[in-house]
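Each chain is listed here by its residues.
There are 2 protein chains.
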Amino acid sequence: MTEITNIALDAMGGDNAPAEMVKGAVDAAEKEPAMKVFLIGQEEVIRRELTKYQFNQAQIEVVHASEVIETAEPPVNAIRRKKDSSIVVGMKMVKAGKADAFVSAGSSGAILVGGQTLVGRIKGVERPPLASLIPTEKGVSLLLDCGANVDARASHLVQFARMGSIYMEHVLGVQNPKVGIVNIGAEEEKGNALVKETFPLLKELKDIHFTGSVEAREIPHGQADVVVCEAFSGNIILKLYEGVGAVLISKVKEGLMSTLRSKIGALLIKPALKQTLKAFDASEYGGAPLLGLNGLVVKTHGSAKAKEVSNTLIQCVTFKRQKINEKIRECIQTDAVSAE
Amino acid sequence: MTEITNIALDAMGGDNAPAEMVKGAVDAAEKEPAMKVFLIGQEEVIRRELTKYQFNQAQIEVVHASEVIETAEPPVNAIRRKKDSSIVVGMKMVKAGKADAFVSAGSSGAILVGGQTLVGRIKGVERPPLASLIPTEKGVSLLLDCGANVDARASHLVQFARMGSIYMEHVLGVQNPKVGIVNIGAEEEKGNALVKETFPLLKELKDIHFTGSVEAREIPHGQADVVVCEAFSGNIILKLYEGVGAVLISKVKEGLMSTLRSKIGALLIKPALKQTLKAFDASEYGGAPLLGLNGLVVKTHGSAKAKEVSNTLIQCVTFKRQKINEKIRECIQTDAVSAE
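Chains as they are written, first to last, in this note's numbering: chain A, 1 to 340; chain B, 1 to 340.
Don't read these hints as lab results, they were simulated from the structure.
Hints are not guaranteed to be accurate.
Where chains are identical, the list cannot tell them apart; a pair therefore holds if satisfied intra-copy or between any two copies.
[Unchecked claim] In silico DSS-like pairs for lysine-lysine, Cα to Cα no more than 25 Å straight-line: (1) 251 with 178; (2) 274 with 23; (3) 305 with 52; (4) 82 with 190; (5) 274 with 305; (6) 138 with 239.
Required output: the full structure, derived from the provided sequences and hints.
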């Protein structure tokens with residue numbers, strides 16, 4: 001019999017909660033029978049949403065949590081004080097082994113703090129990075145750390161590279177993923193102090209396929225499958241991706257509406273263009289896991305809709321089936337340099 | 001009588017030298033009569049190019065330099081050894097006061113090193129930042145430092161903010177430009193150690209209009225006119241802008257060619273789309289000045305064509321007319337906090 005993946009879903013987090021969270025859970029449960037979703041949050045509100053759908057009762061369960069952590073709240077305080085919030089309740093289920101994963105579109109800060117303090121790190125993991133899939137010309141790449149640990153050290157980046165490599169290989173199915181470090185030039189002697197210190201350490205690793213520096217210009221071309229950087233840079237990359245994409249697409253649309261001729265053209269190209277731009281839509285790829293925790297914690301976009309939620313839930317099943325955490329544990333506890 | 005701006009142009013640097021450099025010089029001289037361009041490089045090659053054009057002989061002069069610094073050469077060595085290279089000869093003309101500005105599409109490293117060692121800094125300027133104009137939804141913003149000084153300190157960033165503000169106001173004509181610091185969240189307590197140290201210093205400045213943090217997502221929307229950051233981050237922003245833009249546009253083109261219907265549509269939208277994308281084309285905005293030097297040094301894209309070269313040369317005239325260096329000198333020598 002297939003093992004069930006139990007997932008605690010924050011029904012109260014994000015701009016579109018609870019409606020899109022509940023819809024995402026129903027959709028995912030229908031697609032993946034070996035999944036059970038615990039909808040965490042204000043029971044009455046969630047139940048009202050659930051009446052809109054038909055679903056397998058054995059796959060969806062409501063877990064009441066009376067409080068909600070708002071995005072603006074200072075995360076450490078929020079986690080400490082709001083013991084009955086959806087984030088704290090969900091994370092404690094992971095800690096207790098009642099859930100394999102926790103998924104939330106809520107406060108990034110609270111999810112990062114809660115992940116470290118409530119769920120806890122795998123022994124040997126120094127800092128758990130937030131790992132996002134980003135669209136490229138060739139498909140997707142994994143960008144990490146994209147927001148969890150600013151001012152990280154070289155040894156942290158080395159662990160990011162190893163964990164990211166495992167994730168890309170076993171969750172995304174990329175054989176022998178190419179690992180690159182974000183740099184401001186292609187040559188080894190280029191970079192800031194952190195990159196110069198990290199580069200030779202990555203070069204020595206026997207368990208990853210390190211291909212050297214990646215200039216930011218090459219990231220969208222898919223030059224590396226695993227793109228390693230410190231969180232300040234990673235967050236810039238992630239956010240700028242969205243910003244440039246959004247502005248460029250709005251400019252294109254504006255251009256299309258500028259003349260009668262272009263308006264007619266726009267009608268003709270619409271279906272083809274939509275298909276193309278879909279490939280550059282982050283919501284297609286599910287949320288960003290916080291790697292290296294004793295359990296899985298995934299942050300989706302604050303603006304996540306049902307589709308992103310559903311994709312994320314299904315990703316959690318793959319994460320469990322592929323035993324990613326066991327692989328990370330084994331890898332971190334092996335001295336990488338001496339590994340064959 | 002209008003004062004003449006003398007500009008030394010590296011005729012040998014960049015992917016399209018000397019043809020596009022020479023063409024750019026001829027175009028600019030025709031547009032701006034109060035400009036004299038010294039074409040620096042191998043005389044015979046430059047003269048051969050010049051025979052293709054009609055131009056005012058008083059405005060264009062060839063200065064022979066036998067050597068060329070290649071992009072791959074270690075910059076410090078190249079500047080030291082190739083005394084008769086176009087970069088060294090051109091920069092020495094600025095140092096000697098024979099030229100007001102030096103423009104090159106050649107080796108970034110050599111231009112940065114040469115700028116500091118041959119042209120020299122304005123007294124009080126700690127690090128000269130490379131300042132690029134980047135396209136936004138609203139027009140352009142100035143991004144600095146985008147590559148000159150990695151691992152910069154807070155005091156450097158403060159000077160970048162002040163110099164950038166002067167440039168935006170007097171070269172681009174933006175009244176009271178909004179200055180933002182690149183950060184990974186909008187709140188003051190967010191950021192890495194450098195940003196946390198710099199933020200309160202910027203807040204205290206009386207001579208700039210500091211508006212706080214700018215998340216990378218907001219940069220393309222034009223949230224700040226002057227976008228301040230350390231060079232590692234700045235280089236990532238600059239290069240990712242190009243990379244995401246290039247991939248997205250190629251994806252759109254691919255989408256347009258995917259069906260017969262979309263191909264017909266593509267013909268109709270082409271002129272409107274071209275117009276739109278032009279606004280997102282970096283070459284429209286000229287090169288990136290290295291601010292804070294005793295004279296002006298401007299780096300254009302390695303791939304610069306005549307149009308970018310010509311725009312850059314005309315920018316040099318504005319730079320001189322607006323007495324930007326005098327303004328920077330005055331500003332840096334004033335204690336900004338106590339300035340009214």
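Checked hints:
1. With identical chains, the CA atoms of residue 251 and residue 178 are at most 25 Å apart between copies only, with a shortest distance of 23 Å across copies and 34 Å within one.
2. With identical chains, the CA atoms of residue 274 and residue 23 are at most 25 Å apart within one copy only, with a shortest distance of 23 Å there and 41 Å across copies.
3. For a Cα distance limit of 25 Å, the shortest separation of residue 305 from residue 52 inside one copy, 16 Å, qualifies, whereas the shortest one across copies, 60 Å, does not.
4. Within a single copy, residue 82 and residue 190 get their C-alpha atoms only as close as 46 Å, which misses the 25 Å cut-off; across copies the closest is 22 Å, which meets it.
5. Taking the shortest alpha-carbon separations for residue 274 and residue 305, only the intra-copy value of 18 Å comes in at or below 25 Å, while the best inter-copy value is 33 Å.
6. When the C-alpha separation of residue 138 and residue 239 is checked against a cutoff of 25 Å, the pair qualifies both within a copy, at 20 Å, and between copies, at 19 Å.
Hint violations for this structure: none, all hints satisfied.
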